[in-house]
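The lines below spell out each chain.
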Amino acid sequence: MARTSRRDLFKLTGAGVAAASLGGIAGILASGRTPAYAQVTTVHLLRWNDFIPTSDQLLRSTILPEAEKALGLKVNFETVNGNDLQPRITAAIQSGAGPDLIMLFNNNPHLYAASVVDLSDVAEEVGRVGGGFYPISKSNCHDGKAWISMPMSIIGAMIAYRKSWFAEIGVNSFPDTWDGYRDAGKKLKAKGRPIGQAFGHSFGDPPTFAYPFMWSFGGKEVDQAGKVVINSKETVESIRYMIGFFKDAHDEGGLAWDDSSNNRAFLAQTICASLNGASIYIASTRNPEQYKTEKGGLLKDDILHAPLPKGPAGQFGFHTFQSHVLPKYSRNQAAAKNFLKWLHTPANYDKWFVSQQGFSTGPTQDTEKSKMWDTNPVMAPYRVAGKLGQTPGYVGPPNAKAAEVLSKYIITDMYAKAIQGMSPENAAKWAEDELKKIYV
Amino acid sequence: MATYATTAVVTPRPRYRVLEDERWLAMALLLPTIVLLAMFIAYPFVKGILLSVTNTRVGVPGEFVGLANFYKIWNDSIFRSAVYNTFVYTGVTTVFKLGLGLWLALLLNRNFRGKTFTRAFILLPFIIPTVLSTFAWKWMFDPTFSVLNWMFWKLGLISSRINWLGDPDLAMLSVIIVNIWRGVPFFAISLLAGLQTINPDLHEAAAIDGAPPLKRFIYITWPLLLPVTMVVVLFSVIQTFADFQLVYVLTEGGPANSTHLFATYAYNLGIRTGLLSEGAAISLAMFPVLFLVVIFQLLYIRRVETR
Amino acid sequence: MIEGALWRKWVYFYVPLILFLIFLLFPFYWMMITTFRPDGELYRPWNAWNYTPFWTWNPTWAHIEYLFRETIFGTWLWNTMFIATISTMISLVCGVFAGYALSRLKFPFAGGLGTGIFVTYLVPQTLLFIPLADIIRDYRLGDTPWALILTYPTFLIPFCTWLMMGYFKAIPKELEECARIDGASRWKAMIYIILPVAVPGILSAGIFAFTLSWNVFIYALVFLSSPQEKTVPVGVVSELIRGDVFFWGPLMAGALLGSIPVAVVYSFFVEHYVSGLTGSVKG
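First to last, the protein sequences are chains A, B and C. Plus 42 on top of the position in the first sequence (first one is 1) and you've got the working numbering. Plus 47 on top of the position in the second sequence (first one is 1) and you've got the working numbering. Plus 51 on top of the position in the third sequence (first one is 1) and you've got the working numbering.
Do not rely on the hints blindly, as some may be mistaken.
Claimed, not checked - Over 10 Å on every C-beta distance to chain B, these chain A residues come out as not near it, computed from the model:
{"hint": "1", "residue": "K262"}
{"hint": "2", "residue": "E276"}
{"hint": "3", "residue": "E279"}
{"hint": "4", "residue": "G296"}
{"hint": "5", "residue": "K383"}
{"hint": "6", "residue": "W394"}
{"hint": "7", "residue": "V437"}
{"hint": "8", "residue": "P466"}
As the list claims (entries may be wrong) - List of simulated lysine-lysine pairs, DSS-like, C-alpha gap at most 30 Å:
{"hint": "9", "chain 1": "B", "residue 1": "K185", "chain 2": "A", "residue 2": "K289"}
{"hint": "10", "chain 1": "A", "residue 1": "K262", "chain 2": "A", "residue 2": "K342"}
{"hint": "11", "chain 1": "A", "residue 1": "K205", "chain 2": "A", "residue 2": "K289"}
{"hint": "12", "chain 1": "A", "residue 1": "K228", "chain 2": "A", "residue 2": "K334"}
{"hint": "13", "chain 1": "A", "residue 1": "K334", "chain 2": "B", "residue 2": "K185"}
{"hint": "14", "chain 1": "A", "residue 1": "K479", "chain 2": "B", "residue 2": "K94"}
{"hint": "15", "chain 1": "B", "residue 1": "K162", "chain 2": "C", "residue 2": "K60"}
{"hint": "16", "chain 1": "A", "residue 1": "K275", "chain 2": "A", "residue 2": "K352"}
{"hint": "17", "chain 1": "B", "residue 1": "K201", "chain 2": "A", "residue 2": "K289"}
{"hint": "18", "chain 1": "B", "residue 1": "K185", "chain 2": "A", "residue 2": "K269"}
{"hint": "19", "chain 1": "A", "residue 1": "K262", "chain 2": "B", "residue 2": "K119"}
{"hint": "20", "chain 1": "A", "residue 1": "K413", "chain 2": "A", "residue 2": "K275"}
{"hint": "21", "chain 1": "B", "residue 1": "K201", "chain 2": "A", "residue 2": "K233"}
{"hint": "22", "chain 1": "B", "residue 1": "K262", "chain 2": "C", "residue 2": "K60"}
{"hint": "23", "chain 1": "A", "residue 1": "K342", "chain 2": "B", "residue 2": "K185"}
{"hint": "24", "chain 1": "A", "residue 1": "K187", "chain 2": "A", "residue 2": "K205"}
{"hint": "25", "chain 1": "A", "residue 1": "K233", "chain 2": "B", "residue 2": "K185"}
Read the hints as simulated data drawn from the structure, not as lab findings. Model, not experiment: these values are computed from the prediction. C-beta: ideal position from N, C-alpha, C; glycine also.
Chain A on its own, in the form it takes in the complex (with noise of 0.2 Å):
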């Protein structure tokens, strides 16, 4: 026991000073009262560094308080970058210590299966509250037998671009072909606009670029039955189309990039449009004055979104998923469904999720009706970002296989090589043979 209090104590004055820093007399008196309830109970909530920076904010400030209120908890709320999830889970899991809900990306809950607790009786219900859940939401978070993971966001993935710099080569409405968006880029590349597009190792830009761009020719990770089918001519001809479409109208520092990268070039104006979730165009809404364009106009009315454009195999999209697990070394299993369960109620995740400003939309299907969708046309096509979009490893499902692909990048990483130097063949050959260590 004195070896866990003096981790307590730290724990509650942690919470004490962020609750007091940031909720006035509220936190005062709450953290004031922590000394009647010594054995209330803590729930460790993990997540990223969200990209739209006010609503950690909020949730630091009024709704986790409020969730203690309602519930008689305490929430210690930290954050990471997105990246840094994946280790944080492994090593918890390892070490039989950390947090009791831990945010993941995509299918990844898959990973994870047999560690973590089964949500199922919380995500039903939020379900049909809901209207029902979007199949992706399902895909990601259900093993087939239960709900692995609780749901909780979906961050639309879209291109940003500049709507004036594509109307003055000519080009009034974004291209809808990938020939029509190599060409108009091509042309910007040529007035030093290229377009920027991140194939770093990470885990948002990257994938849900490399991947509907493979889809959209046709190129497939596995068939349904599972077998791996990724080194196909299709396949191949969206590589070889990729280097010369990155060579002709990209910026060269992409491959170095991370999810941040292509937002800061973007608002420093060195490139036309990148494949985003909407955090661009928010952050240049968040002070506007300091985002001027070239002709004096603000950088917020010059940005339009548009989904990535269509290949010879149809048009696809692959948005990031976002859900929170409960690991079972947890000692707060009951307390950290109840806060799950108080967080989805309508009333409370709508703050949040109008927070998000439209960055993200919700897991279940009404999130579509909301109000917030009217506020701002630019807005528009995240709307629904959860109906269309594919997961991971289709046309076979977004297992723990389709999982272990995403998290060593070997889709990202296969047109990363291509574009520096590798022959399509080959860069074909070395997916397949990675896929195939997995797909065993």
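Add chains B and C to chain A, keeping to what the hints say.
Chains B and C in isolation, oriented as in the chain A frame:
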């Protein structure tokens, strides 16, 4: 400080008596070290070996699979490039660190105004946590905001930007530059310590005999400095071979796995993807190689010392 | 020391030294300038006309304020200090004792044990972090400072031992023998006679150990999880790389402030460090 215990303790108290025996005293003195090292080095080392012959992944206890993991990584193109990178990284950086470090040590060994001050400042790259200083470098290498590109551009050396971390070869070069930057001060200060043990009379005598500076360096300084140099190189090789932080921060092994080292690849597979046994196998694969390199160096040191 | 004309002195001495200084210190300057530069200036492309890299006209405290307001940087600093101090002390005690035993006492297996301790130095941390995570769990140390305090010495001790062995060897045997003739026990002779003479070596080993433990990353990254337990390098990496795109200011502020304590320790002891090392390489 010297509080001499001159008040003769003729008969030590019984508690101490056992410590009068040289062997018991030695054991007592070595005990804490041995316990710690056994608990946190030897035991995990054995455990690591046991782990590497199973198919454990995170949260799923594994079964014995023999050498399957080693077979798997042997055929893994990323692992092979990681091995190659590790050797290039260790070799190139060690040569430069030694060369530049020796040069800097010779400079610092002279008398000039602000000597103490300079010595303290020059150590900064070595003492400041690698992760933190590497971030400064990462920011200097940033494709869009690089100050280095600005400088080279203003100096007229380049017309378009250098894609520091985005091109596989340049990314490796960038990582190597940062490692050299971090390692030079350690070499310099250790070699400086070595230089100060050399009796200045030797130099003066040689100078009076008319030996030019280069000759004096080759025939007096270098042989006397060699034992220290070898030890420093040995430490540095071990550290560099197993380096993690620098690549983790700068490239995370990218672009497209072209800058992975043993340790970063093991982390990526073991911790990031959760394939614990494969990660353990990759780390273990580092050991025999490192062991051979070190044995070779130790033998060389012994030869130098007994000469 | 330098003969010949003034230009030779410049070419062979000042110019290389100045180049070295620029190469070694520029990243710190860059860290500092980034810390105090407002965002508007920070995010200008490298070839922008108004890119002013080496100074700023509008210095700001915003990034440092952010650091202390939005993160618990102070706690991380304290944790790092606490962990580094305790593990340095443990390693020093072990290293001094072991170094003494190995260099000044005769006992069976001395050579073997010495080699054994040295070999552990060859086992890098990066090789052990995966199995160690299991052990940390079994000992119930996960997410506590003790996970680091007990594991750090494993790579500090071998170095300390090596350094102290060299240092002790250089101290003449007679010193001890005199004390023994005067009737001091072996233990007392060691504590009161030899250790005081070896203070520079101990200091130098201590500084080295302190720096290394301030620097360690992978163990802290893997074994700690609560924000309140993190060390500076881990805290900075995991919490300051923010989804919000403009993290470079606070990140560099964190790097700068996280570096100052070690830099201060060093500036006080650098001469001891050199002389301590000198003493041990002499032996």
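* Holds or violated: are the alpha carbons of B:K185 and A:K289 at most 30 Å from each other? -> The given pair, whose Cα atoms are some 24 Å apart, holds under the 30 Å limit.
* Non-interface label on A:K383, tested against every C-beta of chain B at 10 Å -> holds (25 Å)
* Asked: A:K262 clear of chain B by more than 10 Å, beta carbon to beta carbon?
  -> With a cut-off of 10 Å, A:K262 remains clear of chain B, as the shortest Cβ separation is near 21 Å.
* Would you mind confirming whether the straight-line C-alpha gap from A:K187 to A:K205 stays at or under 30 Å? => violated (47 Å)
* To do: Quickly compare the C-alpha distance for A:K479 and B:K94 to 30 Å and report which way the hint goes.
  => Holds: A:K479 and B:K94 sit about 25 Å apart, inside 30 Å.
* Asked: Regarding the pair A:K413 and A:K275, is the alpha-carbon distance no greater than 30 Å?
  -> violated (45 Å)
* When you check the alpha-carbon spacing of B:K262 and C:K60, does it fall within 30 Å? -> holds (19 Å)
* To do: Decide if the proposed pair is consistent with the structure: A:K342 and B:K185, CA atoms, cutoff 30 Å inclusive.
  => Within the cut-off at roughly 29 Å; holds.
* Please work out if A:K334 and B:K185 have their alpha carbons no farther apart than 30 Å. => holds (27 Å)
* Asked: Regarding the pair A:K205 and A:K289, is the alpha-carbon distance no greater than 30 Å?
  -> holds (23 Å)
* Asked: Within a Cα-Cα threshold of 30 Å, do B:K201 and A:K289 meet the stated pairing?
  -> holds (26 Å)
* To do: Below or equal to 30 Å on CA atoms is what counts here, so check B:K201 against A:K233.
  => holds (22 Å)
Going down the numbered hints, you'll see the structure goes against 4, 10, 18, 20, 24, while the others check out.
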